[in-house]
Amino acid sequence: LADGRSELEEGRATYERERADALAKIAEARGRLSDVDEATWYVQTRDALSSYSSVESDASSIEAIGTVIPIVFFVVAVLISLTTMTRMVEEERLQIGTMKALGYTQSAIAAKYIGYALSASVLGGVLGILLGSRVLPYIIQSAYNILYVNMSVLVTPIQWGLSAAAMAIAVLCTVLATYAACYAEFRAAPAELMRPAAPAQGKRVLLERVTFLWKRMSFSQKATFRNLFRYKKRFFMTIFGIGACMGLLLVAFGLRNSISEIVDKQYTTVWTYDTSVSVDSDHPEKLQKVEQTLDETAGVAEHLTVKQNNIDAENAGVTKSVYLFVPEETDNLDDFVRLNSRTTKAHYELDDEGVIITEKLARLLDVKAGGEITLKRDETEAKTVKVAAVAENYLYHYVYMTPALYQKTFGKAPDYSAVFLRTDNTDEEALGRTLLSIDGVTGVSFVSDLQSQVANMMKSLDMVVLVLVISAGMLAFIVLYNLNNISIIERRRELATLKVLGFYDSEVAGYVYRENVWLTCIGMAL
Numbered sequence: 018l019a020d021g022r023s024e025l026e027e028g029r030a031t032y033e034r035e036r037a038d039a040l041a042k043i044a045e046a047r048g049r050l051s052d053v054d055e056a057t058w059y060v061q062t063r064d065a066l067s068s069y070s071s072v073e074s075d076a077s078s079i080e081a082i083g084t085v086i087p088i089v090f091f092v093v094a095v096l097i098s099l100t101t102m103t104r105m106v107e108e109e110r111l112q113i114g115t116m117k118a119l120g121y122t123q124s125a126i127a128a129k130y131i132g133y134a135l136s137a138s139v140l141g142g143v144l145g146i147l148l149g150s151r152v153l154p155y156i157i158q159s160a161y162n163i164l165y166v167n168m169s170v171l172v173t174p175i176q177w178g179l180s181a182a183a184m185a186i187a188v189l190c191t192v193l194a195t196y197a198a199c200y201a202e203f204r205a206a207p208a209e210l211m212r213p214a215a216p217a218q219g220k221r222v223l224l225e226r227v228t229f230l231w232k233r234m235s236f237s238q239k240a241t242f243r244n245l246f247r248y249k250k251r252f253f254m255t256i257f258g259i260g261a262c263m264g265l266l267l268v269a270f271g272l273r274n275s276i277s278e279i280v281d282k283q284y285t286t287v288w289t290y291d292t293s294v295s296v297d298s299d300h301p302e303k304l305q306k307v308e309q310t311l312d313e314t315a316g317v318a319e320h321l322t323v324k325q326n327n328i329d330a331e332n333a334g335v336t337k338s339v340y341l342f343v344p345e346e347t348d349n350l351d352d353f354v355r356l357n358s359r360t361t362k363a364h365y366e367l368d369d370e371g372v373i374i375t376e377k378l379a380r381l382l383d384v385k386a387g388g389e390i391t392l393k394r395d396e397t398e399a400k401t402v403k404v405a406a407v408a409e410n411y412l413y414h415y416v417y418m419t420p421a422l423y424q425k426t427f428g429k430a431p432d433y434s435a436v437f438l439r440t441d442n443t444d445e446e447a448l449g450r451t452l453l454s455i456d457g458v459t460g461v462s463f464v465s466d467l468q469s470q471v472a473n474m475m476k477s478l479d480m481v482v483l484v485l486v487i488s489a490g491m492l493a494f495i496v497l498y499n500l501n502n503i504s505i506i507e508r509r510r511e512l513a514t515l516k517v518l519g520f521y522d523s524e525v526a527g528y529v530y531r532e533n534v535w536l537t538c539i540g541m542a543l
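Take the sequence shown: its letter number 296 is residue 313 in my numbering, and every next letter is one higher.
Bear in mind the hints are in silico, worked out from the structure with no lab data behind them.
These numbers come from a predicted model, not from an experiment.
Worth double-checking, as some hints may not be accurate.
[Stated by the list, open to error] The calculated label-pair distances, taken between Cβ atoms and stated as ranges, are:
#1 Thr285 / Ile82: 24 to 30 Å
#2 Ala421 / Gly48: 18 to 24 Å
#3 Asp352 / Glu331: 29 to 35 Å
#4 Gly48 / Gly388: 23 to 29 Å
#5 Ala208 / Pro174: 36 to 42 Å
#6 Gly387 / Ala421: 16 to 22 Å
#7 Gly387 / Gln424: 45 to 51 Å
#8 Ser523 / Val139: 39 to 45 Å
#9 Val335 / Gln424: 56 to 62 Å
[To be verified] Simulated pairs of lysine-lysine, DSS-like, Cα-Cα distance not exceeding 27 Å:
#10 Lys282 / Lys362
#11 Lys337 / Lys385
#12 Lys429 / Lys337
#13 Lys239 / Lys425
#14 Lys306 / Lys324
#15 Lys282 / Lys377
#16 Lys337 / Lys393
#17 Lys362 / Lys393
#18 Lys282 / Lys324
#19 Lys425 / Lys303
#20 Lys239 / Lys250
#21 Lys377 / Lys337
#22 Lys362 / Lys377
#23 Lys429 / Lys393
#24 Lys337 / Lys362
#25 Lys516 / Lys249
#26 Lys303 / Lys429
#27 Lys324 / Lys393
#28 Lys239 / Lys249
#29 Lys239 / Lys324
#30 Lys362 / Lys385
#31 Lys117 / Lys129
#32 Lys516 / Lys250
#33 Lys393 / Lys377
#34 Lys324 / Lys249
#35 Lys400 / Lys377
#36 Lys337 / Lys324
#37 Lys400 / Lys425
#38 Lys400 / Lys337
#39 Lys306 / Lys282
#40 Lys429 / Lys403
Yeah, the Cβ is synthetic: ideal placement off N, Cα and C, and Gly gets one too.
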């Protein structure tokens, strides 16, 4: 019993000691927790992601095209619908006159033609919605996958709001055009409608007043110019239709030409270095060894140490991801990067008073030379700097700054992370192996490889150009087909008269084709 009591007392003492130790540790932990500041939450939208900004930038590059093309197509569609339905109604003058004589109302007669136009526009609208919502977006997104390989799933939903608006506009245009054509015929009496329509009256044209030129023209040439202004509806349809097609073709080929020029301009006019070497910025002593080794490396003619990293630039509520570029020395910066004005060709030098930003960045941030922008390394550090100049640039966004201004702005010296090289005509593969063997070098990029990569990336817009060319070609075909069809049908008796007078088939064909050629040339010039 005594031994048991002794063990109980010893166990109780042990428990008390362990309990006291545990309470002491808990108190100590609570003390440490009380010294910890409350957590701060930073909420960012997806605009802060550089990858999202890149997608947004690429999408905005073809936004203007997507805004203008529907307007062009709707205008041409209205003209084609008006002329097509007008011809259809005029061809059935006899039936319309007969039905009016039998007592049919105008609305009952017009229902046939309006129903035809309505069914055609609805069917075409459905096909257009499927093509415009499924096929074309898929083609363009597939082309852009060259840039964004992680976008493996292509989503092309039907935009019901836009589809309904487009369908309503299409139906309204065709129905109104049909109603206008019917109304023009309904004003005539049944007896007048049962007779063939009188041909358009010929009029003197302004060219006839230019006597010395008019006298030297042949009969066929005179007839051509008179007929050009005789059929005004066909004249304006062709002028605006062909003009719209020509405008789309100019946009397409101009876009392709601009894209092809970007690569050459960026890598010959703006960037004049040959190689960029990434270094370990966390160990400055390694950077010094890299620079010493580069001085002794065969094939390296000149090098420039720089700090280049991603940062956010903000102004007027707009934030863009940019590259901050801080050269260690500014005396030989022109040997690697040229800061010039694209319009005036003026040359800019970096100074300690302000930064130099690239042209598109200035436009997106709505800032000019003399203004200010905010540089943000994170949500807790934002610094305002003055914009000294706006320089020419075609790829990405850049902010150029001197080391002294960086020190003044951020309160510390820049940590250099790259070295730009100008090399002699050397074997790039061998030079790359040599550079990568240097302690502290983490990567090597050759401008020639970047140039090829960007050129391949730019091919993603070739598909957009192809879509524009095909669309413009189809539109031009429809316009010219309607033009020739109307010309021949409306002037069948006139052409028959010419054959009776002894004109050969080739001369009769030239009589019609000359007008088409002139109308096409005028539309192209417009």
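Comparing the hints with the structure gives:
no.: 1; hint: Thr285 / Ile82: 24 to 30 Å; result: holds (28 Å)
no.: 2; hint: Ala421 / Gly48: 18 to 24 Å; result: violated (45 Å)
no.: 3; hint: Asp352 / Glu331: 29 to 35 Å; result: holds (32 Å)
no.: 4; hint: Gly48 / Gly388: 23 to 29 Å; result: violated (51 Å)
no.: 5; hint: Ala208 / Pro174: 36 to 42 Å; result: violated (57 Å)
no.: 6; hint: Gly387 / Ala421: 16 to 22 Å; result: holds (20 Å)
no.: 7; hint: Gly387 / Gln424: 45 to 51 Å; result: violated (23 Å)
no.: 8; hint: Ser523 / Val139: 39 to 45 Å; result: holds (43 Å)
no.: 9; hint: Val335 / Gln424: 56 to 62 Å; result: violated (27 Å)
no.: 10; hint: Lys282 / Lys362; result: holds (14 Å)
no.: 11; hint: Lys337 / Lys385; result: holds (16 Å)
no.: 12; hint: Lys429 / Lys337; result: holds (24 Å)
no.: 13; hint: Lys239 / Lys425; result: violated (79 Å)
no.: 14; hint: Lys306 / Lys324; result: holds (17 Å)
no.: 15; hint: Lys282 / Lys377; result: holds (15 Å)
no.: 16; hint: Lys337 / Lys393; result: holds (10 Å)
no.: 17; hint: Lys362 / Lys393; result: violated (30 Å)
no.: 18; hint: Lys282 / Lys324; result: holds (24 Å)
no.: 19; hint: Lys425 / Lys303; result: holds (25 Å)
no.: 20; hint: Lys239 / Lys250; result: holds (20 Å)
no.: 21; hint: Lys377 / Lys337; result: holds (11 Å)
no.: 22; hint: Lys362 / Lys377; result: holds (16 Å)
no.: 23; hint: Lys429 / Lys393; result: holds (15 Å)
no.: 24; hint: Lys337 / Lys362; result: holds (26 Å)
no.: 25; hint: Lys516 / Lys249; result: holds (25 Å)
no.: 26; hint: Lys303 / Lys429; result: holds (20 Å)
no.: 27; hint: Lys324 / Lys393; result: holds (16 Å)
no.: 28; hint: Lys239 / Lys249; result: holds (17 Å)
no.: 29; hint: Lys239 / Lys324; result: violated (73 Å)
no.: 30; hint: Lys362 / Lys385; result: holds (17 Å)
no.: 31; hint: Lys117 / Lys129; result: holds (14 Å)
no.: 32; hint: Lys516 / Lys250; result: holds (26 Å)
no.: 33; hint: Lys393 / Lys377; result: holds (19 Å)
no.: 34; hint: Lys324 / Lys249; result: violated (66 Å)
no.: 35; hint: Lys400 / Lys377; result: holds (21 Å)
no.: 36; hint: Lys337 / Lys324; result: holds (19 Å)
no.: 37; hint: Lys400 / Lys425; result: holds (10 Å)
no.: 38; hint: Lys400 / Lys337; result: holds (15 Å)
no.: 39; hint: Lys306 / Lys282; result: violated (34 Å)
no.: 40; hint: Lys429 / Lys403; result: holds (19 Å)
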